[in-house]
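Q: Each chain, written out:
Number of protein chains: 2
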Amino acid sequence: MTKILIVGGVAGGASAAARARRLSESAQIIMFERGNFVSFANCGLPYHIGGDIKDRSKLLLQTPDSFLARFNVDVRVMNEVTGIDRQNKTVTVKNLLDGSEYNENYDFLLLSPGAAPVIPPIPGIDNPLTHSLRNIPDMDRIIDTIRMNKPEHATVIGGGFIGLEMMEAFHQLGIKTTLIEMANQVMTPVDREMAGFVHAEIREKGIDLRLGVALEAVEFMPNVSVASQDAGEPVAHQHLEGELKLSLNNGEQLTTDLLIMAVGVRPETTLAAEAGLKVGELGGIWTNAQMQTSDPSIFAVGDAVETQNFVTGQPSLVPLAGPANRQGRMAADNMLGRSETYQGTQGTAICKVFDLAVASTGTNEKQLQREGIGYEKVFVHAASHAGYYPGAEIVSFKMLFDPQSGKIFGAQAVGRDGIDKRIDVMAVAQRAGMTVEQLQHLELTYAPPYGSAKDVINQAAFVASNIIKGDATPIHFDEIDHLTDDQILLDVRNPGELENIGYLEGAVNIPVDQLRQRINELPKDKEIVVYCAVGLRGNVAYRQLVNNGFKARNLIGGYRTYQFANA
Amino acid sequence: MTKILIVGGVAGGASAAARARRLSESAQIIMFERGNFVSFANCGLPYHIGGDIKDRSKLLLQTPDSFLARFNVDVRVMNEVTGIDRQNKTVTVKNLLDGSEYNENYDFLLLSPGAAPVIPPIPGIDNPLTHSLRNIPDMDRIIDTIRMNKPEHATVIGGGFIGLEMMEAFHQLGIKTTLIEMANQVMTPVDREMAGFVHAEIREKGIDLRLGVALEAVEFMPNVSVASQDAGEPVAHQHLEGELKLSLNNGEQLTTDLLIMAVGVRPETTLAAEAGLKVGELGGIWTNAQMQTSDPSIFAVGDAVETQNFVTGQPSLVPLAGPANRQGRMAADNMLGRSETYQGTQGTAICKVFDLAVASTGTNEKQLQREGIGYEKVFVHAASHAGYYPGAEIVSFKMLFDPQSGKIFGAQAVGRDGIDKRIDVMAVAQRAGMTVEQLQHLELTYAPPYGSAKDVINQAAFVASNIIKGDATPIHFDEIDHLTDDQILLDVRNPGELENIGYLEGAVNIPVDQLRQRINELPKDKEIVVYCAVGLRGNVAYRQLVNNGFKARNLIGGYRTYQFANA
Chain E
1 MTKILIVGGV AGGASAAARA RRLSESAQII MFERGNFVSF ANCGLPYHIG GDIKDRSKLL
61 LQTPDSFLAR FNVDVRVMNE VTGIDRQNKT VTVKNLLDGS EYNENYDFLL LSPGAAPVIP
121 PIPGIDNPLT HSLRNIPDMD RIIDTIRMNK PEHATVIGGG FIGLEMMEAF HQLGIKTTLI
181 EMANQVMTPV DREMAGFVHA EIREKGIDLR LGVALEAVEF MPNVSVASQD AGEPVAHQHL
241 EGELKLSLNN GEQLTTDLLI MAVGVRPETT LAAEAGLKVG ELGGIWTNAQ MQTSDPSIFA
301 VGDAVETQNF VTGQPSLVPL AGPANRQGRM AADNMLGRSE TYQGTQGTAI CKVFDLAVAS
361 TGTNEKQLQR EGIGYEKVFV HAASHAGYYP GAEIVSFKML FDPQSGKIFG AQAVGRDGID
421 KRIDVMAVAQ RAGMTVEQLQ HLELTYAPPY GSAKDVINQA AFVASNIIKG DATPIHFDEI
481 DHLTDDQILL DVRNPGELEN IGYLEGAVNI PVDQLRQRIN ELPKDKEIVV YCAVGLRGNV
541 AYRQLVNNGF KARNLIGGYR TYQFANA
Chain R
1 MTKILIVGGV AGGASAAARA RRLSESAQII MFERGNFVSF ANCGLPYHIG GDIKDRSKLL
61 LQTPDSFLAR FNVDVRVMNE VTGIDRQNKT VTVKNLLDGS EYNENYDFLL LSPGAAPVIP
121 PIPGIDNPLT HSLRNIPDMD RIIDTIRMNK PEHATVIGGG FIGLEMMEAF HQLGIKTTLI
181 EMANQVMTPV DREMAGFVHA EIREKGIDLR LGVALEAVEF MPNVSVASQD AGEPVAHQHL
241 EGELKLSLNN GEQLTTDLLI MAVGVRPETT LAAEAGLKVG ELGGIWTNAQ MQTSDPSIFA
301 VGDAVETQNF VTGQPSLVPL AGPANRQGRM AADNMLGRSE TYQGTQGTAI CKVFDLAVAS
361 TGTNEKQLQR EGIGYEKVFV HAASHAGYYP GAEIVSFKML FDPQSGKIFG AQAVGRDGID
421 KRIDVMAVAQ RAGMTVEQLQ HLELTYAPPY GSAKDVINQA AFVASNIIKG DATPIHFDEI
481 DHLTDDQILL DVRNPGELEN IGYLEGAVNI PVDQLRQRIN ELPKDKEIVV YCAVGLRGNV
541 AYRQLVNNGF KARNLIGGYR TYQFANA
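Protein chains in written order, with UniProt numbering: chain E, 1 to 567; chain R, 1 to 567.
These aren't lab readings, by the way, just hints derived from the structure by calculation.
Treat each hint with caution, since some may be false.
Stated by the list, open to error - Simulated crosslink set (BS3-like; lysine-lysine; CA at most 27 Å straight-line):
hint, chain 1, residue 1, chain 2, residue 2
1, E, 551, R, 3
2, E, 3, R, 551
3, R, 526, R, 469
4, R, 54, R, 245
5, E, 469, E, 524
6, R, 3, E, 469
7, R, 469, E, 3
All chains, full assembly: derive it from the sequences and hints.
A: The following block contains the structure:
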């Protein structure tokens, strides 16, 4: 009889427990959770705060009782594993309800402790109106604070997934919101110019978005005391009416009624490190591809571990639910004698930001630059489905690839419709090892309500292949502000578009459909930098120019990419 | 200077013309179209009739003038190419406006004539109230008939894409509709049991759906004559008030005000065949992978050609817009000295049927049986996104694969949300040559509004891999009605579900969460056929049974698959 102990009862741990039982009726399985809840819908918390998910109980996917009934798993909530004796293969467990301690032996131990919110050591940060959001009690505290204090203004620090989702939740509740992000963009999985679309959306909804600014100090200015022992908080954290004065590193000050710290998470490795298990250079538990730690009897999964980046092969920390679930399943397989290997993490991710979705897979440009990997990029802005059918929205799409081999490095997309689909397609293509040339041949679903005969992805593949074959000489948005005297800008849109949307200073305007007649207005001794709205007409003009002996380049992604790059 | 003639100015022809010009400024390009319109939105026609696309001009994507201005292509509408002299590399063209004829020589000729609606030789079918729908004049005639005759009842013959879309259009216009299909299902790209979901939706909307019935005769019973020469119809086809009496092959009769024939299309091969070009066994123009016909100076693309089925390698006729567009682009490349190869057709397709989408890629079960290819299948019914987030809908998903190699044969999906996405993912995975085991590792976008940590596709891959590894012994919906005395049915749902949804006659009911306690109620000498709602709890119970030494099988896709299989 194999005895398996599992530390942590959410995504990875719960998946492992269920899979282990399906594989073996005789295994003894005990799952320890220091909190009060197992298998809760972590990712749903902000949506319950914002009111999209009305019923709190929907977030509680399993209970200790349901786990016992279905999977015969002994679930021990409020039981914290405090130590591992690897020699004797036992753990020390502290019952948090009565403070007692006991030991439990194991054949295999699975660590799925997750990650904890990072709270930077900012003066005054420890106050009753500042919260982070990771679990059900965190959520309950935030809801209690909102219910009791009726805040008029909230501030969110951090523009990642949780930060953006909390910003939207507050906005839905009618609370004026400030979002502060230290970097020059939100959603760091995408590159700066793609985040520009998100910034525009956030500002349009009336959010006070401040980029490139950090919180330096917090001052709690209490008003009336409103005790909230119901929420199970320590006295220091009881809800108090009052406000916070925030000092930012640009000298600005800000008064707010509620502060959410969402600057990131850090792997929970204390238990693993104290047991002498190898911890990786990024601070996550090291595992091999079988999800086995440096001790072969101990496995680890989820937000606490480092996995291999699918593109670079480098270690990475990717605290996402999908990988955690699959790793848990795999660890159970391997503990019970199978041999399954985890095949790297692409970091495929998506976030809803008001009416937009922003998503990515693989590596972004910042990472490629950091790793010193040569790359090329294309931008396409195309309709989510046939433009003549109602409801089509622009998909703004970026693809990064190796200009030599055509290998896909990554993809990013932003828009109001069909974003998840395009990034899913790219995630599959990348995992399968397809090249950008092969993407030309993709045969995707098409009917007017769902797609286009030439999908966004096909189009991006055409552009990328044109570049690889030398049929297109690209110029990118970030080069436009550094043109030389040997280059001239040619805007091939219609005059009305220049007027309504804007244009690049100094551009000559010849609409593409007049170019053949007016081509002699252009100089042959300069490089002509062509652009249009999104790059399509620009390419038609570019081809005409080079086929007529001109030197030319086409602005990939057109004016739209340039325009939002700094939004 | 290369001179390229193109026959047909819609998807394939128009794509080829544009691409050819981008590649060569000097090529002479003439595009002949016997109709009045080039590059129109074929796929949008039913949606304009139904009113979703209000503005008719949105369907006209390009005009001869716009083609000339942008691409310097000489577009000749109402000019029909009537003959090819391959020896002298010339075509004969008839100007349909004045009846004159002329010749035009070519270096390369591209045939993109499309396909024409099949009108079976049914007595009385040639009458003024019977229409097919392929182009703008067809659409205009149908709209005119509706406007003038104000039909109260319409009948559609054929349950393919056009038939289903016209059914929906009539329904939107408040016209009672009968849909008649000779086969026992609509949407033949999917298998019968998946079409069941569509049948249920169609009937729920009040459509009179008749399956397995054919139209045998039509009798036109004129009422008042309402001339409609404006619509450019020959006198015989002028709109007349009156009704049609339809006789069906089951002896039933039906009176209707308007009849749409949508039983399929046939490649337009007359020109090619008369020129002695090779025509394939399915009746489409034969081409090699370069889209070259048996005459190296003549290329052919689109609905008129046979392509290789991606899975079986057999010739196939796939009249879809995506392949036509890509083939046109490729043919232009090859005419101008490149070497691009078309890489087979998966037949990826999708259709909106009221609130449902139904989609597929690759081969279906019927085709695999016909080809004698061994396969296994799985069914999964899972939420389109996290169940706890509002708006989640069930994705009903079928995957066909090789149980030896894990190769993906095809996939089908039906539901109200996320159908296009799942079939796109499968289309990419199949094209990339992934196995069903590899699909387990797919890392798809997940946030509660968009997906699940374990996506439908991951789940289907888990089930398929369990079968391949022998961790699951499947039984399928179509075997349930043929159980032997050595098998017993075990329903592991909760009693309320049996009551509300229905159950299989003769099943023993032990809810999965009670199975461990009550397992001794089951016999060890019989095979236990386990089922639940969708197969998930069934698998938990199945594993418990086999791990306890019982013989068992799990109904893949559960009661839901069985229930809709005959709908």
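Q: What's the verdict on residue 469 of chain R and residue 3 of chain E, does the C-alpha distance respect the 27 Å limit or exceed it?
A: Satisfied, since the Cα-Cα distance of roughly 24 Å is no more than 27 Å.
Q: For the pair we were handed, residue 54 of chain R and residue 245 of chain R, check the Cα-Cα distance against 27 Å.
A: violated (32 Å)
Q: Residue 469 of chain E and residue 524 of chain E: Cα distance at most 27 Å?
A: Status holds; Cα separation ~23 Å.
Q: Keeping to a limit of 27 Å between CA atoms, is the pair of residue 3 of chain R and residue 469 of chain E held or broken?
A: holds (24 Å)
Q: With a cut-off of 27 Å on the C-alpha distance, tell me whether residue 551 of chain E and residue 3 of chain R pass.
A: Satisfied, since the Cα-Cα distance of roughly 26 Å is no more than 27 Å.
Q: With a cut-off of 27 Å on the C-alpha distance, tell me whether residue 3 of chain E and residue 551 of chain R pass.
A: Holds - the C-alpha atoms of residue 551 of chain R and residue 3 of chain E are around 26 Å apart, at most 27 Å.
Q: Taking 27 Å as the top limit, are the C-alpha atoms of residue 526 of chain R and residue 469 of chain R close enough?
A: Given pair residue 526 of chain R, residue 469 of chain R holds - Cα atoms ~23 Å apart, limit 27 Å.
In this structure, the one hint that does not hold is number 4.
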